[in-house]
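Number of protein chains: 2
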Amino acid sequence: MKKDPTATRTKIMNAAKTLILDNGFGGTTVDAVIERAGVSKGAFFHHFSSKAELGHILVKRYAENDAQHLDETLDKAEELSDDPLQQLLIFVKLFEQEMRSLEDPFPGCLYASYIHQSELFDDRIKELIRESMLKWRIRVKAKLEEVVENHPPKQEVDLESLADMLLVIFEGAFVLSQSLKEAKTVAQQLAHYHTYLQLLFEEKG
Amino acid sequence: MKKDPTATRTKIMNAAKTLILDNGFGGTTVDAVIERAGVSKGAFFHHFSSKAELGHILVKRYAENDAQHLDETLDKAEELSDDPLQQLLIFVKLFEQEMRSLEDPFPGCLYASYIHQSELFDDRIKELIRESMLKWRIRVKAKLEEVVENHPPKQEVDLESLADMLLVIFEGAFVLSQSLKEAKTVAQQLAHYHTYLQLLFEEKG
Numbered sequence: 001m002k003k004d005p006t007a008t009r010t011k012i013m014n015a016a017k018t019l020i021l022d023n024g025f026g027g028t029t030v031d032a033v034i035e036r037a038g039v040s041k042g043a044f045f046h047h048f049s050s051k052a053e054l055g056h057i058l059v060k061r062y063a064e065n066d067a068q069h070l071d072e073t074l075d076k077a078e079e080l081s082d083d084p085l086q087q088l089l090i091f092v093k094l095f096e097q098e099m100r101s102l103e104d105p106f107p108g109c110l111y112a113s114y115i116h117q118s119e120l121f122d123d124r125i126k127e128l129i130r131e132s133m134l135k136w137r138i139r140v141k142a143k144l145e146e147v148v149e150n151h152p153p154k155q156e157v158d159l160e161s162l163a164d165m166l167l168v169i170f171e172g173a174f175v176l177s178q179s180l181k182e183a184k185t186v187a188q189q190l191a192h193y194h195t196y197l198q199l200l201f202e203e204k205g
Numbered sequence: 001m002k003k004d005p006t007a008t009r010t011k012i013m014n015a016a017k018t019l020i021l022d023n024g025f026g027g028t029t030v031d032a033v034i035e036r037a038g039v040s041k042g043a044f045f046h047h048f049s050s051k052a053e054l055g056h057i058l059v060k061r062y063a064e065n066d067a068q069h070l071d072e073t074l075d076k077a078e079e080l081s082d083d084p085l086q087q088l089l090i091f092v093k094l095f096e097q098e099m100r101s102l103e104d105p106f107p108g109c110l111y112a113s114y115i116h117q118s119e120l121f122d123d124r125i126k127e128l129i130r131e132s133m134l135k136w137r138i139r140v141k142a143k144l145e146e147v148v149e150n151h152p153p154k155q156e157v158d159l160e161s162l163a164d165m166l167l168v169i170f171e172g173a174f175v176l177s178q179s180l181k182e183a184k185t186v187a188q189q190l191a192h193y194h195t196y197l198q199l200l201f202e203e204k205g
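From first to last, the protein sequence lines are chains A and B.
Residue 205, in full-length UniProt numbering, is where the first sequence stops; the numbers in between run on with no holes.
Residue 205, in full-length UniProt numbering, is where the second sequence stops; the numbers in between run on with no holes.
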């Protein structure tokens, strides 16, 4: 059987991600990653020079997927309606539907996992996490600015922190979902964000 | 100078808390705690049999303070108004004011720190965190049930997850506040929860 180096690399990264979400980066050893991935030490160090390098590449991959997920979901919402408010509501509803389908508590967010051990990481990694979070702020805030042009809010509201609230709800709901071992927390909380946006911006029938 | 054993114990616990919030439990060694607290190894092991025991006592103290803070803030709000809705709004506003006064990002929540390394802790600790979080749900939900008796919500809403939303916002805002190095995040997000409650329950003037 020919070995596929990309498959091995992916296997190591997936094993490391699972372990880090359960044990934290500081509580995860290279030996544990090797054992879980079912690869040799040689294979590990062929792909990654150190645990630190693995940690960096892992969060880079996570951030790329996260940004892509954000963009794709917003694109999809924009295709489904011409009205910025409806686009925003659909955007939140798409995430809610996705989270509603979970059978187990959400496994957690790598950004939050790293931030809870922030002193173990260098500034490059902290900056990457910061920029990834700011992408959410920028995209959602831009949409909110389109919304208010035609839908004045019922109550004075700060658009930047209202944009941040989506990520706040994801992050906070992940923590509660894990702590309470309840799978539906994230979907329920996104439903509240959806209702809040409706109450703020929707005209009364 | 006479040694005060309680002071030493508190010094160790405070040093450990700070280190755990920065490095995680897995990334915090007994040696680092000793160094930060400025105590001897002997003093440490006089007070705590192990790092695991320290971790348990630390989260127990944290949970006691957290429950007391919740109760006191709710008592205060209940003294300031007779109307359940106003009590609830004041309750949220009191937390918002407290968080508004922060000059630095909130240092973080020990529950979330532990949950992000949950496999390092035994079931007793996970159960303690679960029960602490459920206290918030129970207290806030009971207040919401009083609210809806006289203030029917403008839109159908699930009271249990609406109660959870307060803790979700705290936890999520702590993560963003830390990641973005912004001190006002928690206050801003609590302000949105306040506005959401107003839009849901307040009669239009």
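If you're looking for bench data, these hints aren't it; they were derived computationally from the structure.
Please note that a few of the clues may not be correct.
[Said to hold, decoys possible] Computed spacing ranges between beta-carbons, pair by pair:
1. Ala183(A) / Gly42(B): 29 to 37 Å
2. Asp83(A) / Asp123(B): 33 to 41 Å
3. Ser81(B) / Thr10(A): 25 to 33 Å
4. Gly42(A) / Glu156(B): 27 to 35 Å
5. Glu145(B) / Gly38(A): 32 to 40 Å
6. Ser50(A) / Glu78(B): 35 to 43 Å
7. Gln155(A) / Glu156(B): 18 to 26 Å
8. Thr6(A) / Asn14(B): 33 to 41 Å
9. Ser101(A) / Ala142(B): 40 to 48 Å
10. Ala183(A) / Lys181(B): 41 to 49 Å
[Unchecked claim] Here are the simulated lysine-lysine pairs, DSS-like style, with alpha carbons at most 30 Å apart:
11. Lys93(B) / Lys143(A)
12. Lys184(B) / Lys143(A)
13. Lys11(B) / Lys184(A)
14. Lys143(B) / Lys181(B)
15. Lys184(A) / Lys41(B)
16. Lys51(A) / Lys143(A)
Owing to the predicted nature of the structure, the values given are computational and were not obtained by experimental measurement.
C-beta atoms are modelled at their ideal positions from N, C-alpha and C, and glycine is treated no differently.
Hint by hint, here is what the structure shows:
no., hint, verdict
1, Ala183(A) / Gly42(B): 29 to 37 Å, "violated (47 Å)"
2, Asp83(A) / Asp123(B): 33 to 41 Å, "violated (50 Å)"
3, Ser81(B) / Thr10(A): 25 to 33 Å, "violated (57 Å)"
4, Gly42(A) / Glu156(B): 27 to 35 Å, "violated (59 Å)"
5, Glu145(B) / Gly38(A): 32 to 40 Å, "violated (52 Å)"
6, Ser50(A) / Glu78(B): 35 to 43 Å, "violated (55 Å)"
7, Gln155(A) / Glu156(B): 18 to 26 Å, "holds (20 Å)"
8, Thr6(A) / Asn14(B): 33 to 41 Å, "violated (48 Å)"
9, Ser101(A) / Ala142(B): 40 to 48 Å, "violated (31 Å)"
10, Ala183(A) / Lys181(B): 41 to 49 Å, "violated (32 Å)"
11, Lys93(B) / Lys143(A), "holds (28 Å)"
12, Lys184(B) / Lys143(A), "holds (23 Å)"
13, Lys11(B) / Lys184(A), "violated (40 Å)"
14, Lys143(B) / Lys181(B), "violated (33 Å)"
15, Lys184(A) / Lys41(B), "violated (45 Å)"
16, Lys51(A) / Lys143(A), "violated (39 Å)"
Going down the numbered hints, you'll see the structure goes against 1, 2, 3, 4, 5, 6, 8, 9, 10, 13, 14, 15 and 16, while the others check out.
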